[in-house]
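Colleague: Sequence:
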Amino acid sequence: MSAARYRRGKTVLVILFILSLMSTILLMSTRRAECECDSSGDPPLIFISGQQSSGTGLVRVLLDSHPMINCGAEPIYSMHVLALREDIQESPKDWLIKANIYPKAIDQATKAFIRELAVNMVDKAPIYCQKQPLLFRYLNYLAAQFPKAKYVHVLRDGRAAIASTIERGIYPGFTPKNPISALQSWDKTVRQMLADCQNLGPQRCYTIVYEKLVLYPEQELQKLLGFLEVPWDPIVLKHETILNNLSYLNPYEASTKQFSREINTDSLSKWASPESVLPDWFKAQAADYSSLLHELQYDRIGVPPDYSKLPEVLPHIQ
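Just so we're aligned: the sequence shown equals residues -35 to -1, 1 to 283 in mature numbering (1 follows the signal peptide of the UniProt record, and there is no 0).
In short, the hints are calculated from the structure, not lab data.
Glycine included, every Cβ here is placed at the ideal spot set by N, Cα and C.
The hints are all genuine.
Below, a list of computed lysine to aspartate or glutamate pairs in the EDC-like style, where the Cα atoms sit at most 20 Å apart: (1) K203 with D231; (2) K89 with E194; (3) K188 with D198; (4) K69 with D7; (5) K69 with D52.
Computed beta-carbon distance windows for the label pairs: (6) H281 with T206: 33 to 43 Å; (7) N65 with D88: 36 to 46 Å; (8) T140 with K89: 36 to 46 Å; (9) W246 with E194: 41 to 51 Å.
Assemble the whole structure, with the sequences as input and the hints as a guide.
Modeller: Here you go:
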């Protein structure tokens, strides 16, 4: 058997397994009949994403504290399923088309998997929410499958994001010795997410800036809840007072231990401090290696940074 044929056969087996799993999930789900679903069978959904270490966890907890929203821990498997769907898209599909698996059955199975994770990972709620860093690599596909969902993109200064990623050892290839590579990866990924979010339009996708969120939490959360069409509730400013009511905080998520504290600005300038994992030469020259830092005007706020100087409106990103 040729290597190509073997890979194709393996892919088909994985697909069939997933389809079987989807059917089982759909049959076992008891919440579908209880939810306030739209005509497509989808409950009200919010997706939160952004680059690693950008504050997606904080946004998730703040929204989860709202009495109308249940937002669970990172589902993880959503990324695997979406990656598999992308692999199928980019590989020979004749067999799948002849078997009537691609594209409709695959898309419905992928959608069902993501939807059921969002609903069944938490308790029943008027609105369900799923948070996963890097999920918006697949934003256009998600938006096509969930046309009535709301999408929240969390943006953070790339220097701070990569410093946190390096410090936490999330990617072995990102180290204090190669911050340029890490920043360029951030630039490429975030540029795509920002552009895709903006292209979806302001009614469907909203970018919240992490630095503004922690500096002006009430103002920024009012804007966010307005976008989500959810009534204001001041409890979102005091999530630390209702930790026992939050949806399944996962101790294995690196950011979970921070959620016991109130919203704070402690991490804003950490990347620029003498204790930072980033070398001094890089702190001074980072914008030379990322055009996106310049476009977002992160290079105009000094080192150490004064994030109150960020522009009110994000530029259009291409």
